[in-house]
Amino acid sequence: MKQGSIMNGKSEKAEYGLFKVIVKIIPIQVRSAPWNCLLENCLGVMHGLLFALSVVATQYLFDAVSDAAAGRAGYRECVICLAVLAAVIFGQQIVNGVQNFHGMGILLPKSAGGLTELIHKKIERIAPVRFEDTGFLDDLNKAKEGIRAITMFCMVLFVCVSFYGVYFTAIGIYLFRLKPMLLLTLLLAFIPAMLAQTVKVRIFVNLEEESAPLRRECDYYQKAICDREYFKETRILGAFTFFYQLFEDTMKGLSGKIWRTERKAALLQLMLDFTTFAGMAASAYMLFAATMEGEITVGMFAAVFAALTQIFAIMQEVVRQHMGNMNKDIGKVVNFLRLLDMPERTGAEGEPDFTKGITAENISFRYPGRDTPSIKNVSLHIADGETIAIVGENGAGKSTLVRLLTGIYRPTEGRVLVGGLDTARYSASSVWKGMSGVFQKYQRYKMTLKENVTISDTAAEAKPDRIRAVLEEAGFERDNIGLEDMLSPEYGGVDISGGQWQRVAIARGLYRVNGFIVLDEPTSAIDPVEETKIYKQFAHLAEGKCALIVTHRIGSVKLADRIIVMDAGKIVDIGTHDELTARSGQYAKMWEAQAQWYERM
Amino acid sequence: MILKNKKYKSYDTLRLALEASPVCMILYALLPTAQSIMETAVTAVATANFVDTATSILKSVRPYKDIYPALAMVLFTLAFVNMIDAAARLAASKVSANLRCSLKPAMVKVFAALDYKHIENEKSWELISRVSRDSVKSVMDGVEAWIQFAQIIVSIVSVLVLIVSQVWWAALIIFAFSVPMFWLSMRAGKKNYQAERDVEKFNRRTEYLGEVLTGRENVEERTLFGYSGDINRIWKEQYEAGRKLQAKVTAKNFMISKGSSMLLALISLLVALTLIGPVIKGQMSVGMFMGIVSAVFGMIQGLGFQMTRSLENISRAGEYMKDLGEFASLGESEEALTEPDSAPVPVDSLEFCNVRFRYPGSSEYILDGLSFRLEAGRHYAFVGRNGAGKTTITKLLTGLYTEYEGEILVNGKELRGYPVSAVKAMFSVVYQDFAKYYISMKENIALGDIHSMGKEAEDAAGAARLAGLDEVIDRLANGIHTPLGKILKGGQDISGGQWQRVAIARSLASRAPVRILDEPTSALDPISESNLYRDFEKLMEGKTTVFISHRLGSTKLADEILVIDGGKIMERGTHEELMAENGRYAEMFEAQREWYL
Numbered sequence: 001m002k003q004g005s006i007m008n009g010k011s012e013k014a015e016y017g018l019f020k021v022i023v024k025i026i027p028i029q030v031r032s033a034p035w036n037c038l039l040e041n042c043l044g045v046m047h048g049l050l051f052a053l054s055v056v057a058t059q060y061l062f063d064a065v066s067d068a069a070a071g072r073a074g075y076r077e078c079v080i081c082l083a084v085l086a087a088v089i090f091g092q093q094i095v096n097g098v099q100n101f102h103g104m105g106i107l108l109p110k111s112a113g114g115l116t117e118l119i120h121k122k123i124e125r126i127a128p129v130r131f132e133d134t135g136f137l138d139d140l141n142k143a144k145e146g147i148r149a150i151t152m153f154c155m156v157l158f159v160c161v162s163f164y165g166v167y168f169t170a171i172g173i174y175l176f177r178l179k180p181m182l183l184l185t186l187l188l189a190f191i192p193a194m195l196a197q198t199v200k201v202r203i204f205v206n207l208e209e210e211s212a213p214l215r216r217e218c219d220y221y222q223k224a225i226c227d228r229e230y231f232k233e234t235r236i237l238g239a240f241t242f243f244y245q246l247f248e249d250t251m252k253g254l255s256g257k258i259w260r261t262e263r264k265a266a267l268l269q270l271m272l273d274f275t276t277f278a279g280m281a282a283s284a285y286m287l288f289a290a291t292m293e294g295e296i297t298v299g300m301f302a303a304v305f306a307a308l309t310q311i312f313a314i315m316q317e318v319v320r321q322h323m324g325n326m327n328k329d330i331g332k333v334v335n336f337l338r339l340l341d342m343p344e345r346t347g348a349e350g351e352p353d354f355t356k357g358i359t360a361e362n363i364s365f366r367y368p369g370r371d372t373p374s375i376k377n378v379s380l381h382i383a384d385g386e387t388i389a390i391v392g393e394n395g396a397g398k399s400t401l402v403r404l405l406t407g408i409y410r411p412t413e414g415r416v417l418v419g420g421l422d423t424a425r426y427s428a429s430s431v432w433k434g435m436s437g438v439f440q441k442y443q444r445y446k447m448t449l450k451e452n453v454t455i456s457d458t459a460a461e462a463k464p465d466r467i468r469a470v471l472e473e474a475g476f477e478r479d480n481i482g483l484e485d486m487l488s489p490e491y492g493g494v495d496i497s498g499g500q501w502q503r504v505a506i507a508r509g510l511y512r513v514n515g516f517i518v519l520d521e522p523t524s525a526i527d528p529v530e531e532t533k534i535y536k537q538f539a540h541l542a543e544g545k546c547a548l549i550v551t552h553r554i555g556s557v558k559l560a561d562r563i564i565v566m567d568a569g570k571i572v573d574i575g576t577h578d579e580l581t582a583r584s585g586q587y588a589k590m591w592e593a594q595a596q597w598y599e600r601m
Numbered sequence: 001m002i003l004k005n006k007k008y009k010s011y012d013t014l015r016l017a018l019e020a021s022p023v024c025m026i027l028y029a030l031l032p033t034a035q036s037i038m039e040t041a042v043t044a045v046a047t048a049n050f051v052d053t054a055t056s057i058l059k060s061v062r063p064y065k066d067i068y069p070a071l072a073m074v075l076f077t078l079a080f081v082n083m084i085d086a087a088a089r090l091a092a093s094k095v096s097a098n099l100r101c102s103l104k105p106a107m108v109k110v111f112a113a114l115d116y117k118h119i120e121n122e123k124s125w126e127l128i129s130r131v132s133r134d135s136v137k138s139v140m141d142g143v144e145a146w147i148q149f150a151q152i153i154v155s156i157v158s159v160l161v162l163i164v165s166q167v168w169w170a171a172l173i174i175f176a177f178s179v180p181m182f183w184l185s186m187r188a189g190k191k192n193y194q195a196e197r198d199v200e201k202f203n204r205r206t207e208y209l210g211e212v213l214t215g216r217e218n219v220e221e222r223t224l225f226g227y228s229g230d231i232n233r234i235w236k237e238q239y240e241a242g243r244k245l246q247a248k249v250t251a252k253n254f255m256i257s258k259g260s261s262m263l264l265a266l267i268s269l270l271v272a273l274t275l276i277g278p279v280i281k282g283q284m285s286v287g288m289f290m291g292i293v294s295a296v297f298g299m300i301q302g303l304g305f306q307m308t309r310s311l312e313n314i315s316r317a318g319e320y321m322k323d324l325g326e327f328a329s330l331g332e333s334e335e336a337l338t339e340p341d342s343a344p345v346p347v348d349s350l351e352f353c354n355v356r357f358r359y360p361g362s363s364e365y366i367l368d369g370l371s372f373r374l375e376a377g378r379h380y381a382f383v384g385r386n387g388a389g390k391t392t393i394t395k396l397l398t399g400l401y402t403e404y405e406g407e408i409l410v411n412g413k414e415l416r417g418y419p420v421s422a423v424k425a426m427f428s429v430v431y432q433d434f435a436k437y438y439i440s441m442k443e444n445i446a447l448g449d450i451h452s453m454g455k456e457a458e459d460a461a462g463a464a465r466l467a468g469l470d471e472v473i474d475r476l477a478n479g480i481h482t483p484l485g486k487i488l489k490g491g492q493d494i495s496g497g498q499w500q501r502v503a504i505a506r507s508l509a510s511r512a513p514v515r516i517l518d519e520p521t522s523a524l525d526p527i528s529e530s531n532l533y534r535d536f537e538k539l540m541e542g543k544t545t546v547f548i549s550h551r552l553g554s555t556k557l558a559d560e561i562l563v564i565d566g567g568k569i570m571e572r573g574t575h576e577e578l579m580a581e582n583g584r585y586a587e588m589f590e591a592q593r594e595w596y597l
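Chains as they are written, first to last, in my numbering: chain A, 1 to 601; chain B, 1 to 597.
Read the hints as simulated data drawn from the structure, not as lab findings.
Check the hints yourself; a few may be wrong.
With a Cα cut of at most 25 Å, we get these calculated SDA-like pairs of lysine to any residue [stated by the list, open to error]:
| # | chain 1 | residue 1 | chain 2 | residue 2 |
| --- | --- | --- | --- | --- |
| 1 | A | 446 | A | 113 |
| 2 | A | 121 | B | 217 |
| 3 | A | 570 | B | 525 |
| 4 | A | 441 | B | 363 |
Taking CB as the label site, the calculated pair distances span [stated by the list, open to error]:
| # | chain 1 | residue 1 | chain 2 | residue 2 | range |
| --- | --- | --- | --- | --- | --- |
| 5 | A | 177 | B | 281 | 28 to 36 Å |
| 6 | A | 576 | B | 527 | 17 to 25 Å |
| 7 | B | 2 | A | 343 | 32 to 40 Å |
Ideal Cβ placement from N, Cα and C applies to all residues, glycine included.
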C-alpha cells in the first residue's frame, strides 16, 4: 500500500509541479481572505526592515560608546544612539507580535474557513458513487489536511518574499557598503543549510518507508490487547502473552531501526554543522581582516559579528523549517487541488412525472476501481403506485440496484428513467424532486428533533404542526421530548433508543413530499415484535406511490406487489410471492431455508 | 519500567526519562545548558577580548600577533555553539528510543490488566485513550520543555554573573527591576480556561457538521435530501463564531508571549543604559560592553517566545502526567493476564440465584433478580428483546464483572471463589462483536485453546472443517497459514460471514465445557444461517451450550428456552410449552412466523 502511494506521489509531481502549484494556490488563498493577505505582506516588509535596521542601530551605539570611551564623544550621544536602538527594537517586537498573531490567529483560521467551505461545496457536486471508493475517501481526508497546508504554504511564500526578502536585501546592502566581500557571508550561510535539508529529508523518507509496515504491525498487536474491539476476547482466551510477545518483538525491531537512522542523521548533522561553522568562521575572519586593515570600525565588527549568528540562524530557519515544511505540505496541497479538479456531476433541469413510473433499460454498473460489474444487464419497470421488494443474499447487488434506480448512481451502461427523466442527463436535484427514503444506514443527526425531521427537505418551511403530524404517523413516542430538544447527550440533549431513532428516520422520509419512496430495512438486531412493526410502517409508507423495499429478512416481502430476486448482480426472478414459491428457484430455496425453522409441530 | 500508583507531576517526565536511559538523559540535560552558557556569557567574553585586543593593536599599544589567541577563542566558542546541537539531539533520540521500549510495554501491561468495567465506562475509556495516545511523545515533550526552561534560566543567570563580575551594582539594579516584572509576566500567563472550553464547543460542532457534509455514512441521505447548502450555511456561522472567539484567546496568548519579549527588551536596554556610564568612566572595557550588549540583545529574539512555550509545555506535560497517574491507579483485576487452565473443571451445573447487577455508573439494574439453573449436556436458548440483559449474562459468567449481588454457582460453588484461570477455562464464547485477529487463520482458531498455539495445525484444521471453512482455506494463497487482514505481509481479506465462521471455529477448538454463542448468525445470509443451525446439533453434541438470539427460528435447536425480560426470567420451557402459555415468547414467535405462513 505504501509503495503505491509513493508511486502515486511521483506521478502527481509530474502533473502538479511546484511552479504550477504555486500559480494555482496563490489566487485561491488570496480569494479566501484578500485584505488579510495584503496586511500580512505589509507587516512582513516592515518587520524585515526593522530587523535589518537593528543591526545598523547596534553598530551606531557601539561606535558611539567606543568613541565616548576614547573621549571623542559624550554620554549624550551614547544615550541618543541607545534610544534609537530602543525604538527600533520595540518597533520590531511589536510588528513581529502583530504579524505572528495576524498570521496564525486571523489569516490562517479565516482562510481555513473559506477553503473548507470550498471543499463542502465541491463534495456536493461530486458523484456519490465516489464515496464507495476507498481511494477517494483517502483523497478526501488528505484534501482536508491540505486546507491548513495551503495557507501555511502561502504564508511561507509571503514571508519569504516580504520578510526574509527585505531582511536579506537590506542586510546585503549594508554588508556590501561595509565591504563588498562581506556579501559572501549570505552565501556561506545559505549553502550548508540547504545541503542539510536535502540530505536529511532523504534519510527520513527512507526511514518512513522501511518502518511503516513494522509500525503498523506493532500498533496492531497493541490493539489486539488493548482495543475495545478485542479486549474481552483476548482476556478470556488468555491470549495476552501471545500478543504481548509479538508486540515486544516488533517494537524492538522498530525501535532499533529508528535509532540507527537517528544516529546516522545526527552524524550527518554534525558534519553539516561543521560546514555551517566553517562558513561562520570564514565570515568572522573576513570581518577580522577588515577590522585589522582599518576598513571597518571595531563597533561595526562587534555589531556584524553579533548579527552573524542571527543571519545564520535565520537562514537555517528559512531552509530547515520553512522549506522543510513546504516540502512536507506540498503533497497535502496537491491533494487539495486534486479534489477541486475532480469532475463534477452536472445535468439539465426538469420535473419528474411519477405516473410514468421508474424504468431501467438494460443497465450495468461497475464501481470505480473494480474489475467486475456489480449490476449486469438489468431491465425493470416500476409502474405508478407499485410496491416492489428486492431480495437476495449479501452482496447480491440489492443496494447498488436501489442506488441506480433512485439516480444516486448513474449506470455505466443503459439508462434509468425516473418519472421520465434520464438520471444520466438530468441534474441531481431534478431527479430527486419527488423522491424520499428511509435508509438502512439512516442517520442519527446530533441536532434537534425538529432538525432531524426537516433535514429531508430544508427548502420547505418548517411548520411545527406538520412535523408533529409526521412524527405521530411514524409512531414516534414523544414522551417529554420537544421539537427543539437536542437528540444528543453530547450536546446537552436527550438520548433516545435505537427503535425511537428508526421512527425519527421514518418521519424524516415522510416529511419530504414524494411520489417515489425507498425503504431499506435496517440490519441491526431488533427484537421480532419491533421488527414486525417496522415492516408494517413500511407497508403503510408505500401505499399509493412507487415504492422500493429492500429487505435482508426474506420473510417480510409478502407485502410487495412484486418481488425481485437478485443474485450476483442480476435479476434472477420476478414475480409475486406465490408465483415465486411455486417456481422452486432461488427464492423458494431461501424461503424454505428460513421457513423450516418456524415449522414446529 | 513499572508505573506506580501515585500522583505524577510534570517533573516526573524527567524521572521517567532518567529511569529509562540514565546516561543519555544526563547528557541530554547537560549539553543544551552548556550551550546556553557558551552562547551568552562565554561569547560575550570572547567578543570583548577580541574587540579590546583589536582596539589596542589599532592604537599600536599591543603587537599584532596578540590577536590570534583572541580570534581562536572567538572561533572556538562559535564552533562549540554550532556543533553541540547535533550531539544533544542524538542523546535525546536515544532517550526517546529507550523510553519507547520501556514505557509503552509498561502501559500495555497496565492496560491489559484493567478491571473490565473501565473498558466499558466512557469516562475512564476516554482517560485510557488519552494516555495511550502518543505516550512517549508526551513525556519527551515534557522533558524538552524542562530542559528549555533550564536553558533560559542558565542564559539569564550566566549573563547576570558576567555583569556582576564587571560592575556589581549594575547587576543589582537590573536584578531589582527584573524580578517583579518576571513575576508579573508569569502571573499573566494563567490561562482563560472558560474561553478555551467555549471555543472547544464550537469546534466540536463544526467538526460534526463537517462530517455530515463530507462523511461517507450519510452519503445517501445527503444526496437525496439535498441539504448540503443549508447545512453548509449553518456550518459557516458556527465556524465564524468559534473563530472569532478563538482569535480573542489567541490574541491574549500572543500578548503574553510578546509581553515577555518586550520585558526582556526593556531589561536589555536597561543593561545597555546602566553600562554606558562605567564604560565612559573606564570601569569597563568597550569590548566587554559590546559583548554583554550583544548577548542580551541576542536573547530578546527567541527568549520571550521560548519562555511562554516552555512554560505552556511544562503545564501540558503536567496534565499528561496527571492522567498517567490516574491511569496507573485505575483498578486492575488480579490474575487478569493468566491463561486458562489446561485441564478445565467439568461443569455439572450452572446456577444464577437471584442475581442483580447494574453497570457501574448506571442506576438501573439490567439484571434484577435473575434466577435459573442449567444442567450439563443440554442446549439452552436465551431470547428476549434488545437490552434485556442477555449479553450481560455472558459478561458475568466470564468474570468480566464481579460486582453482582446474589450468587452464581458452578457445581454449587460461587463463581467468584474459583481462580480466574479456572473460570476462563470453563466458558468459550462467540461474541456478537467477536474479534477479528489479523494473524494467520490457524492462529486465529488455535487461540481458542491457547495451550495448542505452538502445536501443529491439525486441531485447528479440524475445527475449521467443522465450521465449514475448508472451501475458504483452499482459496487462500498459503492455506490455513495465510495471514488474515491487511496488517501482515501477504495477508488476505475474507468476508464478514467467513470471519464469523472463524470465530465459531475458534470456539470449537476450545476445550471449555460450556459454550456460549451470542447472536452467532448476524452476519450470515439466510442460507448460511440455516446451514449453521443444521450443523449445530452435530458440532455441539454432548456439550452444554447457551444460544443467544433474537431470531426465534434458532430455538428449534434448544432443549429448553429461557425468555428474559426486565432483567429476570419471564418464561421458561420447551417451545411447545411456551407456545401453549401464549405469553411473550408466543407473541415474538408468532410475529416472526407470520411472515413465513
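Evaluated hints:
The suggested pairing of residue 446/A with residue 113/A holds, with an alpha-carbon distance near 21 Å, which does not exceed 25 Å. The straight-line distance between the Cα atoms of residue 121/A and residue 217/B is roughly 18 Å, inside the 25 Å bound, and the hint therefore holds. A threshold of 25 Å between alpha carbons decides the hint, and for residue 570/A with residue 525/B the separation of about 17 Å falls inside it, so the pair holds. Between residue 441/A and residue 363/B, the direct Cα distance comes to roughly 31 Å. Violation of the 25 Å bound is thereby established for this hinted pair.
Checked against the given bound of 28 to 36 Å, the beta carbons of residue 177/A and residue 281/B, roughly 33 Å apart, stay inside it. Separation of residue 576/A from residue 527/B is about 22 Å and conforms to the stated range, judged on CB atoms against 17 to 25 Å. At about 58 Å, the CB distance of residue 2/B to residue 343/A disagrees with the hint of 32 to 40 Å.
Checked against the numbered hints above, the structure breaks hints 4 and 7 and satisfies the rest.
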